[in-house]
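Novice: One letter stands for each residue in the lines below.
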Amino acid sequence: MTKFIEIAGTGVTAILLHPWRSAVTAGAVTVVLLPYLVCLGLSHGLRLEAESSIQLGADLYVSGIQFGHKVPIPLVAKSQIERIDGVTEVVPRIVGAIAIGRNRESAVVVGMPVDRFATGASFLEGRLPGQNSVNELVLGSELAHRLNLKLDSRIPPFYQNAQGEKVSSVVGIFRPDAPVWQANLILTTLTTAAAIFNQEGLVNDFLVYCRPGYEDHVRAKVLETVSYRAQGSSGGPRPMVIQRTDLTAVLPTGLLGQQGVFELHFVLVFAVGILVVLVTSGLGLSERRREIGILKATGWQTDEILFRSLVEGCLLSLAAAALAIVLGLVWLRVFNGFWIAGVFLYGAGVSPAFRVPFVLAPAPALLTVLIALVVVMTGSIYSTWRAATASPAEAMR
Amino acid sequence: MLGARVAPRSWTTLKRPANFPTFFNIPVMKRSGPRFIFVGILMLTMLAAAALTADNLSLARRRSHADEFQRLLGGLGLGPSVDLAGCPMCFDARASFACKEDEGALPGSKFLCRHHACSVLRYRPIPLEPAAIHKDGTR
Amino acid sequence: MSDQVILETRNLCKVFRAGKSEVRAVDDLSVSIAAGSFTALTGPSGCGKTTLLSLLGALDRPSSGQVFFLGRELSRYSDVELARLRRRMGFVFQNFSLIAGLPVWDNITYPLIPRGVGRRERRDIAAQMLARFGLDDKADRSPSELSGGEQQRVALARALAGQPDIILADEPISNLDPVNSAAVMSCLQQIHAEGKTVVLSVHEPAIAPPGSRVISMAGGRIQREEIR
Ligand SMILES: Nc1ncnc2c1ncn2[C@@H]1O[C@H](COP(=O)(O)OP(=O)(O)OP(=O)(O)O)[C@@H](O)[C@H]1O
Ligand SMILES: [Mg+2]
Ligand SMILES: [Zn+2]
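In the order they appear, the protein sequences are chains U, W and R.
Here the first sequence stands for residues 1 to 397, numbered as in my numbering.
Here the second sequence stands for residues 398 to 536, numbered as in my numbering.
Here the third sequence stands for residues 537 to 764, numbered as in my numbering.
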């Protein structure tokens with residue numbers, strides 16, 4: 001027992017025998033792990049938000065489809081859907097893209113019936129657009145930041161329609177810690193949104209809420225009864241219904257296999273990482289080979305030398321993984337994903353003005369430790385083994 | 398018994414005799430060095446574990462606004478994009494039924510959309526159910 | 537002195553290849569070393585002393601021929617058995633081969649670690665060895681801070697720390713002044729007197745103690761043998 005503790009002790013000492021080598025090894029592994037960890041954390045954080053978006057959203061979304069594309073649906077269809085058995089509420093919603101400001105910042109306009117805004121909201125500063133209000137907007141935190149708009153700011157006319165130009169006012173700004181998709185949002189009433197796009201009488205979706213268990217029935221009924229067809233034509237859009245289960249089905253599952261090409265990218269990075277560690281851990285380091293030769297010559301067994309190397313490698317990879325985790329948390333929490341968020345989140349700037357979704361669950365963190373171990377061990381154990389199985393005189397040369 | 402330890406035990410680099418067959422001048426190891434490094438690594442690991450735990454425990458508090466937001470807006474947003482300018486499907490699979498740049502005539506153009514290609518949350522488009530089209534077409 | 541042969545070589549050859557040229561560092565050499573004997577290898581530089589010693593010490597594999605330890609051929613030893621065997625031998629390297637960065641006391645007792653000797657005990661052993669060689673105050677120094685002669689004595693201390701049965705010392709006094717070389721030689725003689733086998737290489741055969749066997753080498757072969 002003393003023997004193993006003592007040998008383990010020499011493993012710790014070995015880190016200090018070649019401080020630069022150790023630092024470079026741990027550093028290289030940290031550099032490899034950090035973006036991976038950030039990516040896993042972003043992926044998980046986003047996924048949680050996506051799940052709540054699905055779970056707390058409507059039971060069904062009814063819109064139009066034409067030539068495989070989503071098209072708006074006439075507002076008049078609302079009453080047709082409301083009549084379906086089991087439907088409890090139908091909410092029309094407009095979701096559209098505009099560009100605003102001198103720099104043409106892209107924004108997402110969402111319009112909802114004003115009675116939806118009756119309640120207060122803790123996720124914004126200010127208030128929601130009020131009854132009978134026109135052109136009252138709630139802005140996303142990123143958009144407000146980019147346009148340099150504050151609460152009660154006035155926005156010069158940014159759209160034109162049949163009624164001419166209107167000055168709008170900012171009545172609310174989303175808090176940065178609301179879900180990411182608020183970042184570039186312009187939330188307003190259905191009327192104002194329709195005016196912005198000059199599309200009276202049309203909406204993008206109906207959010208349909210129904211009694212539990214009625215989803216399939218409602219879906220079938222909507223497809224059956226909601227008529228789109230322009231008079232005297234057999235063409236035109238048809239209704240399309242998305243159910244909650246459709247959405248959960250497209251979300252990827254599992255820890256791995258969800259990130260697409262970025263995984264391939266990281267497989268390559270790991271391969272490079274292993275090579276770097278191979279080099280730093282002594283394939284080319286004659287000093288280290290010599291040291292192992294001395295150990296062999298003075299009566300160390302190969303397995304004892306490997307154990308020493310194992311302890312050294314374990315500690316180095318533990319240090320690298322821990323460092324990567326700490327740095328990852330600091331980067332995403334303290335610096336709010338400065339720069340890296342923009343790499344993975346489309347539309348995010350270098351320094352996002354919204355809270356970047358980042359959840360580093362224990363499983364990916366453990367995976368990080370594991371990967372660090374694999375990378376360091378592949379590199380160092382191999383070179384140690386090579387040196388330890390050569391004859392001592394050869395290794396010491 | 399061990400004699401006076403007058404030796405400078407420091408990390409300062411010392412000149413080694415010319416006949417010493419190594420390249421670099423290696424600093425003298427402090428006696429406390431290994432212990433220091435061991436404790437340091439353990440503390441770093443513990444710090445990481447603590448930070449991770451704290452972060453995961455505060456998760457619920459940080460996401461407190463999420464539920465209210467999604468209830469009010471009826472479910473908005475799904476993917477790794479914060480606006481509709483790039484690939485609308487990346488913003489929300491409900492906003493577009495297909496990836497904007499996924500329709501090229503190129504064979505195997507699956508990854509043509511750069512928003513999807515390097516995305517942290519990659520999902521398929523919602524399948525357009527043929528049955529639905531059929532139903533509508535016949536009635 | 538017993539007549540038991542502890543180390544023996546038969547037709548031992550070691551060939552080094554550097555590019556096209558070949559160096560026969562040890563050439564068809566047969567010698568046997570009796571347990572408890574004192575043997576000195578001499579000869580001009582490059583005659584193969586170091587190579588022979590490392591073959592005897594199981595540090596290198598012969599190109600051909602055999603080395604026997606107590607009648608058993610070394611190539612039939614397993615890795616673990618070889619390690620055990622090396623623990624019974626103390627090797628002093630011509631270039632000292634100390635581990636830079638480790639303090640002197642740790643260098644001396646590093647071979648004891650896999651034998652399960654605890655840290656405190658190792659320090660004690662190191663202190664004893666250092667006192668024996670007049671290096672009491674150097675325990676916590678780095679080898680790089682020592683003079684060549686001091687390093688040589690540290691290397692000898694390391695070889696002796698494990699209380700080996702055989703000492704194989706490659707030019708253990710080449711860097712020492714007369715006073716220190718006399719001290720080292722008397723130390724080796726003392727070990728010999730304790731019944732250990734000593735094999736050393738020296739440039740100056742005159743320093744070999746009376747009654748020792750002196751083997752003169754040239755070109756990897758034994759040229760002459762005498763008892764002083
Ligand atoms: N690794 C090697 N590769 C090639 N040739 C070698 C190697 N080691 C030794 N030699 C050659 O083998 C011969 C014997 O070398 P060795 O070191 O045994 O000599 P030596 O008697 O110890 O000399 P010295 O008294 O200078 O230490 C020399 O000619 C040397 O050049
Ligand atoms: Mg020599
Ligand atoms: Zn896309």
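What the hints contain is simulated information worked out from the structure, not anything from laboratory work.
Here the structure is a predicted model, which means the values were calculated and not measured.
Positions of the beta carbon are idealized from the N, C-alpha and C atoms, including for glycine.
Check each hint, because a few of them may be wrong.
Here are some chain U residues pointing at chain W (derived, C-beta under 8 Å) [to be verified]:
1. Ser53
2. Lys70
3. Phe123
4. Pro179
5. Leu329
6. Gly347
7. Val350
Cβ-Cβ distance ranges computed for the label pairs, FRET-style [claimed, not checked]:
8. U:Glu394 - R:Asp539: 33 to 39 Å
9. W:Val436 - R:Glu657: 55 to 61 Å
10. U:Glu394 - R:Gln664: 32 to 38 Å
Not the full set, but computed from the structure, chain R residues with beta-carbon under 10 Å of chain U [to be verified]:
11. Ala619
12. Ile635
13. Arg694
Novice: Against chain W, run the beta carbon of Lys70 of chain U and see if the smallest gap drops under 8 Å.
Specialist: It holds, given that the least Cβ distance between Lys70 of chain U and chain W is near 5 Å, below 8 Å.
Novice: Does the CB of Pro179 of chain U sit less than 8 Å away from some CB of chain W?
Specialist: Holds, about 5 Å.
Novice: Take the shortest C-beta to C-beta distance between Arg694 of chain R and chain U; is it under 10 Å?
Specialist: holds (7 Å)
Novice: Quick one, is the Ile635 of chain R hint okay against chain U at 10 Å, beta carbons?
Specialist: holds (6 Å)
Novice: Taking 55 to 61 Å as the hint, is the beta-carbon distance of Val436 of chain W and Glu657 of chain R inside that range?
Specialist: violated (24 Å)
Novice: The hint names Gly347 of chain U as touching chain W; please verify it with the least Cβ-Cβ distance against 8 Å.
Specialist: holds (4 Å)
Novice: Measuring from the C-beta of Ala619 of chain R to each C-beta in chain U, is the shortest one below 10 Å?
Specialist: holds (4 Å)
Novice: The hint names Val350 of chain U as touching chain W; please verify it with the least Cβ-Cβ distance against 8 Å.
Specialist: violated (14 Å)
Novice: Confirm or reject the claim that Glu394 of chain U and Gln664 of chain R have a C-beta distance inside 32 to 38 Å.
Specialist: holds (33 Å)
Novice: The hint names Ser53 of chain U as touching chain W; please verify it with the least Cβ-Cβ distance against 8 Å.
Specialist: holds (5 Å)
Novice: Taking 33 to 39 Å as the hint, is the beta-carbon distance of Glu394 of chain U and Asp539 of chain R inside that range?
Specialist: Distance hint for Glu394 of chain U, Asp539 of chain R holds at roughly 34 Å.
Novice: Can you verify the interface hint for Leu329 of chain U: is its Cβ closer than 8 Å to any Cβ in chain W?
Specialist: holds (5 Å)
Hint check: violations occur at hints 7 and 9; the rest are consistent with the structure.
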